[in-house]
Amino acid sequence: DTAVSQTPKYLVTQMGNDKSIKCEQNLGHDTMYWYKQDSKKFLKIMFSYNNKELIINETVPNRFSPKSPDKAHLNLHINSLELGDSAVYFCASSQLAGASYEQYFGPGTRLTVT
Amino acid sequence: SQQGEEDPQALSIQEGENATMNCSYKTSINNLQWYRQNSGRGLVHLILIRSNEREKHSGRLRVTLDTSKKSSSLLITASRAADTASYFCATSSNSGYALNFGKGTSLLVTP
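Protein chains in written order, with our numbering: chain A, 12 to 125; chain B, 63 to 173.
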């Protein structure tokens, strides 16, 4: 049973396109996150939702829009893709919001913008 | 920001040896977490140590925390080739709701 799943695993697209990444967790967790990992493996928080409500919105271009239809799903839509958006995007979840809780990560979506 | 920094950036050892990775952070914390990332995979939680704990063990892992020095170390004893991965420490973000990760230590264990 996959705890946190993401689709697609790989995404290759051209500049200017719009794309979405989907994430689902079957752990019954209240909180979900999106992280971006660059080519140097630096992992940075982008967004977090707790029970479908946005609680973290870091300095991310507004071309990135998260959406949580229910607490088991957190999707990421990216408009007008740019070369600099190329990275691996990880979804994660935790039982509750807060840094005291262990986070469970999905396998990542490798986005390549050409 | 409250971002941990791991040291060394890369570490290469032989199977059976011990591997020690260090993490330093800047401001006070309630807890610190360590994660492992195998190549091409997501991060996996290893251990959480609270600010009132000095040492914690989990199998072959030993984590220490020195809040006076704002540092933590992860020791992997009797390493195996399967321990080859990147290891990250993580502390609370400013909001308290998310984690800030360091840049990681890349560990290579050769048979």
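Don't read these hints as lab results, they were simulated from the structure. We put the CB at the ideal spot given by N, CA and C, even for glycine. Heads up, some of the hints might be wrong.
Some chain A residues close to chain B (C-beta under 7 angstroms, calculated; not the full set) [said to hold, decoys possible]:
id: 1; residue: GLY27
id: 2; residue: LEU65
id: 3; residue: LEU107
id: 4; residue: PRO118
Here are a few chain A residues that sit away from chain B, every Cβ distance over 12 angstroms (derived from the structure) [unchecked claim]:
id: 5; residue: GLN25
id: 6; residue: ASN28
id: 7; residue: ASP49
id: 8; residue: LEU54
id: 9; residue: PHE75
id: 10; residue: HIS84
id: 11; residue: SER97
id: 12; residue: SER105
id: 13; residue: ALA108
TODO: Go through the numbered hints given earlier and state which of them the structure violates, listing their numbers in rising order.
DONE: 1, 2, 3, 7, 8, 12 and 13
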